[in-house]
Amino acid sequence: MKLSEIAEKLGCEMVGRDVEITRVSGIDEAGEGCLTFVSNRKYISRIKTTRASAIILGKDVPPVDIPSLKTDDPYFAFARALEIFFEPLSPEPGVHPTAVIGDGVILGAGVNIGAYAVIGRNCRIGKGTTIYPHAVLYPDVVVGCDCVFHSFATVREGCRTGDRVILQNGVVIGGDGFGFAPLKDGTFYKILQTGSVVIEDDVEIGANTTIDRAAVGDTVIRKGAKLDNLVQVGHGAEVGENSVLAAQAGLAGSTRLGRGVMVGGQAGFAGHLEAGDGAVITAQSGTSHDIPAGAVVSGSPAFKNSDWLRSTVAFAKLPELARRVRELEKEIALLMGK
Amino acid sequence: MKLSEIAEKLGCEMVGRDVEITRVSGIDEAGEGCLTFVSNRKYISRIKTTRASAIILGKDVPPVDIPSLKTDDPYFAFARALEIFFEPLSPEPGVHPTAVIGDGVILGAGVNIGAYAVIGRNCRIGKGTTIYPHAVLYPDVVVGCDCVFHSFATVREGCRTGDRVILQNGVVIGGDGFGFAPLKDGTFYKILQTGSVVIEDDVEIGANTTIDRAAVGDTVIRKGAKLDNLVQVGHGAEVGENSVLAAQAGLAGSTRLGRGVMVGGQAGFAGHLEAGDGAVITAQSGTSHDIPAGAVVSGSPAFKNSDWLRSTVAFAKLPELARRVRELEKEIALLMGK
Amino acid sequence: MKLSEIAEKLGCEMVGRDVEITRVSGIDEAGEGCLTFVSNRKYISRIKTTRASAIILGKDVPPVDIPSLKTDDPYFAFARALEIFFEPLSPEPGVHPTAVIGDGVILGAGVNIGAYAVIGRNCRIGKGTTIYPHAVLYPDVVVGCDCVFHSFATVREGCRTGDRVILQNGVVIGGDGFGFAPLKDGTFYKILQTGSVVIEDDVEIGANTTIDRAAVGDTVIRKGAKLDNLVQVGHGAEVGENSVLAAQAGLAGSTRLGRGVMVGGQAGFAGHLEAGDGAVITAQSGTSHDIPAGAVVSGSPAFKNSDWLRSTVAFAKLPELARRVRELEKEIALLMGK
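Chains as they are written, first to last, in the working numbering: chain A, 1 to 338; chain B, 1001 to 1338; chain C, 2001 to 2338.
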């Protein structure tokens, strides 16, 4: 496809020669016929060495020697360019004869269900949804339209999802919350987890992530939230609209994130907390306090990121600081005639 | 059901009107006909605003305006109240025709095995145990009575569980321990993991948690221990009786926890360590030293929690401390006539 | 088997009586007829109390009272001794009648495929490979020879593995990378993950570990790398030859580890970083900077391990340091006549 045609599809301004493009590649791997992109400033120096035939760039990047597509949002343009050339996986159409469909199940039009999938009694699955082989829905699950559930995803009894929800492989929705009443003899009494999990529209959940059902009420993942792999969401927690949790992050029970909250990889929240809209908790941080809207916090325990950065610099020099204090003590002792 | 009847079932004292109760709810979600509870002091202020018809409270909580059930242990009473109103998931009875049962398998009375479950040769499963669809037992596994193994749980060859063991979805019991002998050419030589995993009675293991088999001998999870989701237990480790590991915690190989040890979320233990009875390691902490019985430790590396708390307060003020030391140095220089 | 015969097989020097050995055991569990070993210095004191009939020891360990096998590398000798006495799990031979084999699949000689495994269309599986029950290959997957894929392992569309690759249970190879373009309305636009995952020869991947497919190009796990359980490898990342990632470690997208890099448990790398050959990042550390070859780093954020160790010692004494600075301030004020 001609670069000019791609420019038109993506709404970009073309600068330079109208070359032929056959695929989209990363900047280092790109060769003849490749369209590449730079959105992370870290890679700008590589524009000189790329063998790509053309490049998608921000409008603020100075002119380059190869043909380019200029746009306000190069990352989004790259995302759309991928769609031009890439044929995504298409599922086997229809319901595989080995799928087990329980009594009372209602399937919408165009639902695909793969080999050995198990759909429990009274489940309802909206039109256009694909259940890959070996996904399991327990009884009474409600799934929206145009969802994609990959192999080994589980949705436990009575949980509900909206439309366009993507579950990567091995996701567990609605496992029992971790609730036990400690008894006097040191043992623990299991608390029935009578609640459920609700996943709203346009949520994507990464491989092997676990979202527990609540003891009472619902654990909720709001519209547009994105959870990476191996994330833990405890019972009764709530992830706000368009919030993002990076891999291996964890929320303990009953913690509530507002809208657009960003949680870094391996970060954690204790239970019964709130993080306000737009709060950011950076990677590996941990907090046992509420986080105000818009705050950026770091560390374990977490506090204001800008202060934390200065504390970490000082931490690396802490032995030297201690040495200087010892020195001062000697000098003072001398001055005081001790 | 009348509140007085619930009071009698739970052994609580009823205070106030004998209202009709139809279900149990969280304090914020509760409405007409709901019984709710407060055990976490954080929620006491919400008693004034709840729309619940009645509330379970500790005996030490001052009188409230709505009917209440007073008890020494409101959390336990709440757990039991849930059982009155909630009908838990019941499995499909019997052995599903698609389940694959290997040669020499012995099933106790009342065992339920779901669709597509695979039970390896020579397994023994005790009476009343339920294996949900798509759980897999490798050969020579021994399972006790009244266990519940959820979909996509795996129990590898030769592992053994006691009675009333619950495996949530995606649990892996007995994957190969991470054992390799480093060779001089930089490669690693796989060490056969010839041991096994033993899970004692009344253990619950959370979704996608992994417990490795030992190189020699057994990895052991003792009676009554509770492991949350995404926990890692390395080969040859031992989790003591009634110990609790929160989500994403990890034990490296050959580490042994005593009885009633509490491990916070995302906390970790290096290998070949011991934690004494009742030790507590708080969330995100990490230790490469033994922990004495009863100690509460925090931080990475972990030390005494009360000291750590003071150190973290000082850490947040570290840049200011460094500034004050610089100031002192200037003043001393002045005094010393430098 | 006689100890002298084992000595010959393992290339060790026998010291003491030529006893009969029936199995290999850990030093504490060993009894009559057991061969045990010590490689970790921590356990040397237990040589006196072991009831083993013989022991494998380093050449540098002083003479002991029981028969011993002396070698330069006791851990490797132990690994090989296990192979003499242990009969590993053998899979059911052949292709189980319930396995679903897609159109165009090519199977090498001696491939074993277990019950309910699903092999997508156009997959190729090399000779001698075993796919346990309930493993799933999506379409167009290429698997080398003599691999072992355990139950509930997934290999997504178009991913490729070399020879002798071991996937423990629940591994997800090629789930969608976590790539979203943020839009102005606060929502996220899913970026097609058009790339793949390549696993080279002799790689072992632990239970429930997730390795994401790249947006463009490949996520690569190089020859001989070993990944423990619950590890996260982000899209476009690369793990170098013979590198080792302990349990619950995480690499964000596009990060590249060199050869022989060691990553401790629960450690994390931000995205777009490089770690040079032989770098070591200790347990629970986290870095957002490149790590030079051979460096040993610790902490979050990570810096030179030897400095970090000193900083952590000073951290534990930080409240006392603050107290001493307050004391100095008082004394200076006195001296300055304030």
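These are computed hints drawn from the structure, not numbers from a lab. Nothing here was measured: the structure is a model prediction, and the numbers come from that model. Hints may contain errors.
What the hints assert, rightly or not - Take a look, some chain A residues computed to stay more than 10 Å from chain C by CB distance: (1) Lys-42; (2) Val-64; (3) Lys-127; (4) Glu-241; (5) Val-325.
Said to hold, decoys possible - Each computed PhoX-like pair below joins lysine-lysine, with the alpha-carbon atoms no more than 25 Å apart: (6) C:Lys-2190 with A:Lys-127; (7) C:Lys-2330 with A:Lys-70; (8) C:Lys-2317 with C:Lys-2304; (9) C:Lys-2317 with A:Lys-59; (10) C:Lys-2317 with B:Lys-1184; (11) A:Lys-190 with B:Lys-1009; (12) C:Lys-2059 with B:Lys-1304; (13) B:Lys-1317 with C:Lys-2330; (14) A:Lys-184 with B:Lys-1317; (15) B:Lys-1330 with C:Lys-2330; (16) A:Lys-42 with A:Lys-2; (17) B:Lys-1223 with A:Lys-317; (18) B:Lys-1330 with A:Lys-330.
Glycine included, every Cβ here is placed at the ideal spot set by N, Cα and C.
- Task: Taking the numbered hints from earlier one at a time, note which ones the structure violates and give those numbers from smallest to largest.
- Result: Per hint list: 1, 4, 5, 7, 9, 10, 12, 14, 16, 17 violated.
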